[in-house]
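Those protein sequences? They're chains U and S, same order as listed. Per the working numbering, the first sequence starts with residue 59, numbered consecutively. Per the working numbering, the second sequence starts with residue 59, numbered consecutively.
Don't take each hint at face value.
You can't tell identical chains apart in this list, so a pair holds if it fits in one copy or across any two.
[Claimed, not checked] Only pairs whose alpha carbons sit at most 20 Å apart, straight line, appear in this in silico DMTMM-like list of lysine to aspartate or glutamate:
(1) 129 x 458
(2) 623 x 458
(3) 85 x 222
Note that these hints are calculated values from the structure, not bench results. None of the values given here were measured: they were computed from a predicted structure.
Residues per chain, in single letters:
Number of protein chains: 2
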Amino acid sequence: MALISSDRIRFPADPWRLVETSHAPDKAGALETIFALGNGHLGIRGAHWSPADVALPGTFINGFHETWDIKHAENAFGFARTGQRILHVPDANNYTVVIDGEELSLEGSTVLDYRRTVDFATGIYTTAVTWACRSGAVVQTVGRRAVGFAVRGNLALSLELTSDRMVSVDITSALVNRQDQPVEETAAADPRRSGRHAGRVLLPLQMDGTDGSLRMSWQTAESRQRVGVAVDHALSGGVQAVETMAGQDVSTVRFVLAVPAGETVALEKSVSYAVADEGEDLDVVSAAAAALRPVAEVFADSASHYGRYWATSDIVVGGGEELQQAVRWNLFQLAQATARADVAGIPAKGVTGSGYEGHYFWDQEIYLLPYLSYTNPEAARNVLLFRHKLLPLARVRATELSIDGALFPWRTIGGLEASAYYAAGTAQFHIGAAIAFAANRYVWASGDHTFRDNQARDLLVETARMWVSLGFFGADGAFHIHGVTGPDEYTAVVNDNLYTNVMARFNLRAAAACRRDDVSDEERTVWQEAADRMHLPFDRTHNVYAQDNDFMTLEPWDWNTPRDKYPLLLHFHPLVIYRHQVLKQADTVLAMFLQWQEFTADEKRRAFEFYDPITTGDSTLSACVQGIMAAEVGYPMEALEHFTEAVFIDLDDSHNNTVDGVHIASAGGIWSSLVSGFAGMRDQGLMLYFDPRLPAGWDGLDFQLKMRGGLLGVSLTHEAITFSYDGPATVSVKVRDTVVTVGSGCPASVPLDAREALVH
Amino acid sequence: MALISSDRIRFPADPWRLVETSHAPDKAGALETIFALGNGHLGIRGAHWSPADVALPGTFINGFHETWDIKHAENAFGFARTGQRILHVPDANNYTVVIDGEELSLEGSTVLDYRRTVDFATGIYTTAVTWACRSGAVVQTVGRRAVGFAVRGNLALSLELTSDRMVSVDITSALVNRQDQPVEETAAADPRRSGRHAGRVLLPLQMDGTDGSLRMSWQTAESRQRVGVAVDHALSGGVQAVETMAGQDVSTVRFVLAVPAGETVALEKSVSYAVADEGEDLDVVSAAAAALRPVAEVFADSASHYGRYWATSDIVVGGGEELQQAVRWNLFQLAQATARADVAGIPAKGVTGSGYEGHYFWDQEIYLLPYLSYTNPEAARNVLLFRHKLLPLARVRATELSIDGALFPWRTIGGLEASAYYAAGTAQFHIGAAIAFAANRYVWASGDHTFRDNQARDLLVETARMWVSLGFFGADGAFHIHGVTGPDEYTAVVNDNLYTNVMARFNLRAAAACRRDDVSDEERTVWQEAADRMHLPFDRTHNVYAQDNDFMTLEPWDWNTPRDKYPLLLHFHPLVIYRHQVLKQADTVLAMFLQWQEFTADEKRRAFEFYDPITTGDSTLSACVQGIMAAEVGYPMEALEHFTEAVFIDLDDSHNNTVDGVHIASAGGIWSSLVSGFAGMRDQGLMLYFDPRLPAGWDGLDFQLKMRGGLLGVSLTHEAITFSYDGPATVSVKVRDTVVTVGSGCPASVPLDAREALVH
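Take the sequences, apply the hints, and build the full model.
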């Protein structure tokens, strides 16, 4: 049952807001996710302020995590050893509001009017509720919150209250440390989301509270990170707190007052978090306190940030308000996951939940960095700098796997492999190529030669070394890479996965093209040779590239499998899935999107036609890619269907796990679907290429790309694609067969012949 | 460093005994294993009686185990859920002997003479030690023990003491419950040997002790099995115990006396165990007490049992005393692992240790049942009856794996899959064929038509149903079985493993030949069709059968790997091992041994030549099979080398894990090496076939086979093979091309032309 798109009365379409107009208790966890706020560093779920109304509330700081020794039921050499899991930090979104002796809650009180909103234009979350109190009073509360961007540890909350008659008001504002709740309660049914730490995780260090102010800190038991929290309260009219209590689990500040009829009282709660790693010499309480800002300042900061964001990152789709709202919500999530992450990985759920344990995967490079590279190149660079920082650990990991170079962890927070199931973890060696690929694209898009000549080269060279030692030249003279898992985790530990080999080939060639003193000509020659002789499995019966050497010999999946048996990984043993011809997500088709220049139009079409029907889309990474390639190979209906599926994955909770957090990679895929799918943008080297496929029902598509210090505007209609460029020098763009050059004040338009768009 | 074979002063060759003539503390755990006693139900490690001198002491009862929920670090659908582990039962082998105030121990006292013996002819374990006490006395102690056979829960221990002068003696005889020791302490480095249960496992039920008698019982916390123990003490001269204390961890009976010079006092300790499963209405204490027998009676029972055993099961090898001793030690272990197991599985370590957690694997069918079928058919039948009892659970497990019929657990005690690593566990579907194969062989050997028409048919039919639903008819028209692991666990989850397909083919054909009302002709036809069209991968480049569809394309292993990096599984990540052409143990070569009639001599030779050099033998299951096939295909030197390696695996602790228990499958392989390797016996159907390959340096080989109620004597020299038969009717035997018929009082001899034995 779709959540948003099937109930437009409760969730009306609004191009700049996500709005909920009535409360219902079911799917409360998923709604907390889609109403979450974040800045890439600090995130707070969209939970209601009343403790009675929450499902899975939480506040998270990217990278603030606990570690533990992974206990394998049956261990073997080289298995991942260090579990890592993002932690709940003490949560400030908690008020108990008592009116004339009645505690307000959506569950227990009479609600006359209700409206929850996240405003994409300002980043401000609002709940406005009108309550019919048992005392006869009609009370309106308006709760607002926003995270800071200028200061990324800031969180601002306000709670306004107005009554139609004099009421007694008793408000307890709390800071709740939820960390020690059993992990089981926070994980949905997906068995990959394991992770355990026993006993208390956040150990109290400083616990001060006085006069409505809290100054507190905790330390994690194993990872030895510290978090400091400073909270100040200000009630309008200068009313003072009657009680302030600091405790390691619950800290409270209580206000008791009488509110006259028609008067609005406002409680402002300024919150500031500061974190420090083990050994870092930082007084986290002082740092948090020093960074505290008034609520109004944080709200203004958030609005200002989003003003700048939308000015360059908005995408206007001429496909109706509902779609525009959903697209902006996805773009909003991308900003929330990345804006102030700084040098860090981007968790698969951003900072909206603890799903996937807060880990960073390959999807940040393949699904998120296209968006970042063209809208926020500094953030793209930061992600890659983070990967570069992990190189020493990746070299150690390569040694553990008996290979050269660097082997990046499949999933990690601190840099150590945290995937306890290697067949869908460590075996995904392709993450190395994803990092190399993203580094390369960032360099094309940004023109950042410093990064190119330093970190990008390190990343390219170390991953190339990994590939040549992982693979080998077979008796047939070809270069083979065996025993790997591709993006499609429904086959695992296969030989010559096409995606892996195609991406490794790119990686080897890109590394061979780097000049570096510590790379010998011999080494470079081996890379070039391995790339040139890379084996790409091809099936002559179907005249299509094969996902791996054996894929075409597998037994077909039984497509009469009932819908409630999906996703397959939750209902079938891996051995059952692995031996059948069934895909979790695009694999060969993804290779043909990323390395588009290596395949003919016919090869891409045949691959799409072969793989699309046997791809379950059980992964949220799939629909966007299937849609992009559907557009390219001439299936416009399928392209729009896949896109629509992707754009509502979280808004409709269509995978039933939005409660765990926003699927950030899918949100990134939405950006790519629009820019690379419908506008048909491809990059490989310095020239951008466009082959637009505007859906027939849309009247246009407008977006901008940051390019080498400038801003390239792209405006697509059915008749033409028009470019403007505001930046240094000029930019050349190829539209199908036409090359145009755009400069500042010198736009260019290319007419589009509708017949060129393939239609089947 | 070899243990036994390199130190013939400490461990002199004796064809009927294992003897240790001096004490040294290192390898104490391995020695406890090779000096262990057992009857297949009850086992006691060969630990010294002084608590100061033990390494890893223990007493075990086959099938007495604890269960726990397996915690997978990353779980998935259908993963094994119930951990099972054999338990230490309270151990009676524990005396503290104090002479004139000095506690005797090999570690702390002055030892003048020492001799530890296990007598294969009687099953009696003896340690005779002469101590120079600090008081000046020279004291001799002789400890003896044996397990019962007539009553399988019986254990008898005696301790005699003689002094050259009057001494004061203070003996505390204990019963020690060691179950709650951390599991880590009991497991060697092999990472497959996991298993955890937290907290106390054996919970006390009845704890009575009085006048030197203990009547006690415990219950396991989770599996709810109960064990009762009755212990009686008798000291010569009627000396009474001064103190008897029963405790859940340690129970003690203490004797204090003065022993005059030259007089021998003897303390006899009769022990009896009884166990009951959950829900079984048995008073285990009363049952144990009722079964108590005097020590002398148990000793006589043991000697009598072995008298009968060797009369029909001995193998005389004309290859010298050292080899004869080692062969008899292996045959002795086979008896100890199976004699009174009754209807139960045979743990991979018998009852000599808790290695492999006391689990039953496929090796009981492939490595142990050939021996049992021809020496102890009733025991073979019991093992198969046990498998038959597990059919209901195996049907459930098949459903969990989305297949029909029955899927037997890769490793189990109670019948549930206990392998937490499916790639080397559940994926070894070939266990089903092993069970079908063993059932079939038992029927040939025994002529047991009742079993054939009942349990054997159930086993054949249910496994055949498993195979046809696991595999499929591919587009090439052939029947394929994908996503399986063969015996060689150094490749895993491969397609069309030759061993699996060959054994499945046998299984399908044997099932198709069964007549059963609930099997339709259509079903039978599908089995026959799948068997006839079974794909067997063959490599035309090397002109050799391929281990699986991809094996020949794998990268060669680096054979410069240093010796201390073996076994590979302890030093390389599975992904590294799996992608290389390297074998843990015989796989294709094993298929050609078991389904010998399906391959030409040339095919076998080429397979041996290809696979033998790339087989590490990291598994103790390998050497015996490699040796058997070396003999068949004409490599007599290699045959003898592999055999010699196999025969000393535990005696020399050559795999460094004998501490965990005797490798029973390898011991079974010794029997097969002699009977099928050097005597060249093959069976498939009713006629036995012999193609002898007596090692050049041996002067003969003599053994007997139980055949259809009779006893077939086989006597092999370089000149002839001679058969005698004592039993009903006659038996026909084929020697190379000659068929002879042997009847009671009517032996037959076939001369052997030495030239017929292939020599390369």
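Structure-based check of each hint:
no. : hint      : result
1   : 129 x 458 : within (18 Å within a copy, 25 Å between copies)
2   : 623 x 458 : between (37 Å within a copy, 13 Å between copies)
3   : 85 x 222  : neither (33 Å within a copy, 87 Å between copies)
When each numbered hint is compared with the structure, a violation occurs for hint 3 only.
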